[in-house]
Amino acid sequence: MALYHLRRNPLVTLGLVIAIAWVVIAFLAPAVAPVPPLKQDLANRLQAPGELYFMGSDELGRDIFSRVLWGARITIPAGLAVIIMGSTIGVIVGAVAGYAGGVIDELLMRLTELFMAFPFIILAMAVTAALGPDIRNAVLALAAVWWPRYARILRGLVLEVKAQEFVEAAHSAGAGGAYVLFRTILPNCVAPAVILATLDIGTAILSFAALSFIGLGPEPSSPEWGRMVSIGIDFFDQWWMWLFPGFAIASLVMAFNFIGDGMRDILDPRLRGE
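The sequence shown begins at 0 in numbering that gives the first Met the number 0 and counts up by one.
Just the calculated beta-carbon pair ranges, DEER-fashion:
| hint | residue 1 | residue 2 | range |
| --- | --- | --- | --- |
| 1 | A177 | F246 | 44 to 50 Å |
| 2 | I120 | D236 | 27 to 33 Å |
| 3 | V16 | L158 | 36 to 42 Å |
Since the hints were made in silico from the structure, they are not lab data.
Computed from a prediction, not measured in an experiment: that's the story for all the values here.
Using N, Cα and C, we set each Cβ at its ideal position, and we do this for glycine too.
Let the sequences and hints guide you as you build the complete structure.
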């Protein structure tokens, strides 16, 4: 049934094709890249796309094509790591708040609202600046501010599900609180979190690229796409320096947005009119 609904949506199919292609590129980059991404050729710096360099060369004579391929090995894992860590934190916080109630619920929700009072990208910039520019720090900073939406959604769902009769039956049978929460309640609440996580992958990739663009990501020599666009803007007339990494970001974000829309249609029957 899920494959049937996916096939009915050509944009989802396009998104899957693009995303899978980039994942394959990320795995095969060491084998298919013509030259190492950091190799310099100052005699051929700022070369336009042509026979020598398929996508041109940058200000240090590094091959743009090789750097774009290697960049997939940085950007894709970074975006996925942000979503996995952020959603996990949010699900746990929301589930505990909704199930425990009382003072614990109040404290966790006030903390959630405090984080949501500021734009997440501003908080991520502040955290990254405090930790220091680095790929790992950028991922940790984004994950640290990504969880509040998941917490609010899961709390509401847990409050709704824990009032159902089958949960009361589990309590009556002598099941412990942790068992009821993680084995009985949460399995009935995960679909919205999965939908949100799928929709968020593109945003996470774009946010990571944004931190890199302003110098809060990897070092300048890194083939990370956002950093490449940032450097390319300084050589605006050499359009290939910013166009190709920018297109890579746009295509991957678009692909995951298409996939997220399809997952939402599959996991939320109300959107299919069922």
